[in-house]
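Using UniProt numbering, read the sequence shown as starting at 1 and increasing by one per residue.
The hints are simulated quantities; they were obtained by calculation from the structure and are not laboratory data. Where a beta carbon is used, it is the ideal one built from N, C-alpha and C, also for glycine. Do not rely on the hints blindly, as some may be mistaken.
When the alpha-carbon atoms are kept at most 20 Å apart in a straight line, the in silico PhoX-like pairs for lysine-lysine are as follows [as the list claims (entries may be wrong)]:
1. Lys734 / Lys28
2. Lys504 / Lys13
3. Lys54 / Lys105
4. Lys347 / Lys325
5. Lys408 / Lys347
6. Lys96 / Lys151
7. Lys488 / Lys412
8. Lys66 / Lys105
Each pair of labels, with its calculated beta carbon distance range [stated by the list, open to error]:
9. Gln57 / Ser148: 50 to 60 Å
10. Glu97 / Trp52: 35 to 45 Å
11. Tyr350 / Gly544: 27 to 37 Å
12. Tyr350 / Lys135: 13 to 23 Å
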Amino acid sequence: MANQYGASRNLMKQTCNKNVGSRVDVLKWSQEMDLLAMGTEKGEVLLHRLKWQKVWQLSPPEDGLKVRGLAWRPCEKFIAIGYSNGTILLVDLETKEEIHSFSVKQDITCLTWTENTDEIGTDDVSHSSVTSHTKYLPELPVLSSLSSSAKPINPNRSSYCSKHILCILLIGTVTGTVHQSALGMLPCGSVDVFDALGLPATATARIRELKMTHDYRQLIVGLQQDDTLQVIVLENGVLHRYAPAVLNLALKHAQLLGAMAYISETIDCIIEAWETVLLEMDNKLTNYAKDQPDGSISADFLELLMFGTASPSLEQFLLRDLTEKGLRKLGYSIELSYVTIQRLVVKPLYTAIHAVFYHLNVLDGMLRNRFYYGTLMRDTASASESLRSCGALLIKAHELQQTIDASKRDFKIFFRWLYVVIVRVMDETLQENHPTITQREIHYLAQFLSNFDTVAQSVADQQEEGRGMIESRRKFNLERVGQYLEDKPLVHPMANDGEENEWKRLLAQNECLRQCGAIFPHHENMSLLQQQKLLKQQIEQLFGQPEKVVGADYKQKNLLTIHAPAGTDVRAFAFATHQRDSVTLLAIVQSSCSLLLVECFNDGGFKTVRLHFEEKPYFDQRFDAIGTLSFHHVDFYDEDTLSLLLRAQAAGEERPVSCYFLQLNLGAVREFLATVEAREYMQTVTEDAAGCHAINAYTLIDESSLKLLESADGHRIAVSGKRNVIAVLAESLKNVRVYDMDAQEDEEDLLDTSSQINSSLENSQESVQA
């Protein structure tokens, strides 16, 4: 049997032996590129090429977090990273840029993508609607060219999905909940495995492995509780039937998330520019204001405007603290900051809001196709409501623009007038070409001066909460702009300034127009930040519907319970899955001498066979020198080959004396399974279960497929059949050895470990550009 199905890859050469600075908790090969990702105990993610060249290193989003899972997205240059606080990051491999992040709010136990690589039809109208935005929308401006505080990233990512393939990110948590996210962007189902098995919410169980079939119909979950592993098969019809619709919604959600993230970053840049103005004001006018009685600031300035006489304190401030030169510098700095704010509002903010408006319009039209999206998105009214909120945000941005114009005008008049006052108090001659102040500008100036003390009165409640007068008054000059950038209602709504325009009067007189869905509302008392948060919440609520619909449709299809023998030396079940045609293969290390191979069919049936190390074949002398073999770790090399990490123990020895790597061809096992009767429902499998067929593993081992490793401290393996490489993690979890499975035969015994690394560098033909 071993000779008939001998491994086709007979050569194995160590190319790298490296120590890692900290303990490696997660080790994962990319199946598409020569890249190895490692998650360390410090929460860092290290990315290395096959030749052990460091690509990048990513720190955790918060201190103290642990990496719980790494998952390479198929057919894309993205990797998903799961942390112990429930945060999921989707990272671009080439730029190390964070594409998207979200949280499941529970500690994560495992992370994996679906393996389907079949493209969904692209000839339908719905697909064109989610991919045609590049024809009609202008590119978003690069914020770093407009603001020094912006991150230097490209906002115009070409695609979150270069191929029309629905990839679903599966996330297992400590509470027994499995979360699904289409493209890592759209929540598309969650199921409580504890509840399905009747376990209490406080159960000490953990999800070990997740696998979804190619048709998205079945979800296979491996749940470990103490010495028991339960493999539960869950089935749903919604995700299977509406897979193209889920993909289109995920793409549209990704586009909206990108535009909304750009809006948030633009507002952060606006706040940064506004705080620069605030700092300039704090150095001059606010220091003067904090020493004056309440209500006296406006009175002093208005008296100076009307009668030309200044109070002693104000005159001292103008001549000693402000000065003519300081006034010019202050006026220039404030005007420059306002120009920066205005540029950020006019170009990036408007462009991004228009992009969100476009995407919501397209989505509103998509959801009117009830046949295509009806089951997934039942509440289509929320799409129209989100569209109205986006229109309200655009109105608020225009309102902010008008406020900036008014503030620039008022400050220019204010500083021009103060310059005249200072020159006159100093008994100097005014320049001949200095512009005069018109009567209309005096009117604006009087309104501006009369509002100096308004904010100090409005923040009395804040002072009761422990904030001092200096902090509460420092914004009194800029409240007309700064109020739009705070998460609280406006202090000076624009509607209270002057008479209402004719459009507002028309709406006030006609109830039918005010209630019309085609007319976007104007929330006069809301700030820009509040309006943005409202829109974000409505979009999240809108795209939260598929998760509830798909999750509610999951039903238990089958259950397999596997018991480990008492006192087993296997730390935990080594659990690996692989998809082959319409069958899902499961390899489970039950104990050091028992390995279960399970075939799970689309109809829910199981076929199982147990591989175990019994007596060595008397006719095979090579096993006498090897010793007694035992299973330690397992992973699928490809659909026909199972990679095994074995340990060998000599007679009379308590500890293993060597480690072996075995490439087990599954042809013989699959032939044997073909003769086994499928079980629709299997209750339990124990190590000595009479109902489970067994094969002596020694009879399956081909001499060329069993390789002795250099060290006996192998702990875990990570393999990549497409790249023909494996990695062995040492018992210390701080040493990684990389092996090339495609080495040339005539080079095997020519090089030592150091020269093998150089040979790998010369022979490696593929790498990722990062």
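Comparing the hints with the structure gives:
no.: 1; hint: Lys734 / Lys28; result: 15 Å, holds
no.: 2; hint: Lys504 / Lys13; result: 79 Å, violated
no.: 3; hint: Lys54 / Lys105; result: 32 Å, violated
no.: 4; hint: Lys347 / Lys325; result: 33 Å, violated
no.: 5; hint: Lys408 / Lys347; result: 18 Å, holds
no.: 6; hint: Lys96 / Lys151; result: 13 Å, holds
no.: 7; hint: Lys488 / Lys412; result: 28 Å, violated
no.: 8; hint: Lys66 / Lys105; result: 14 Å, holds
no.: 9; hint: Gln57 / Ser148: 50 to 60 Å; result: 26 Å, violated
no.: 10; hint: Glu97 / Trp52: 35 to 45 Å; result: 24 Å, violated
no.: 11; hint: Tyr350 / Gly544: 27 to 37 Å; result: 28 Å, holds
no.: 12; hint: Tyr350 / Lys135: 13 to 23 Å; result: 20 Å, holds
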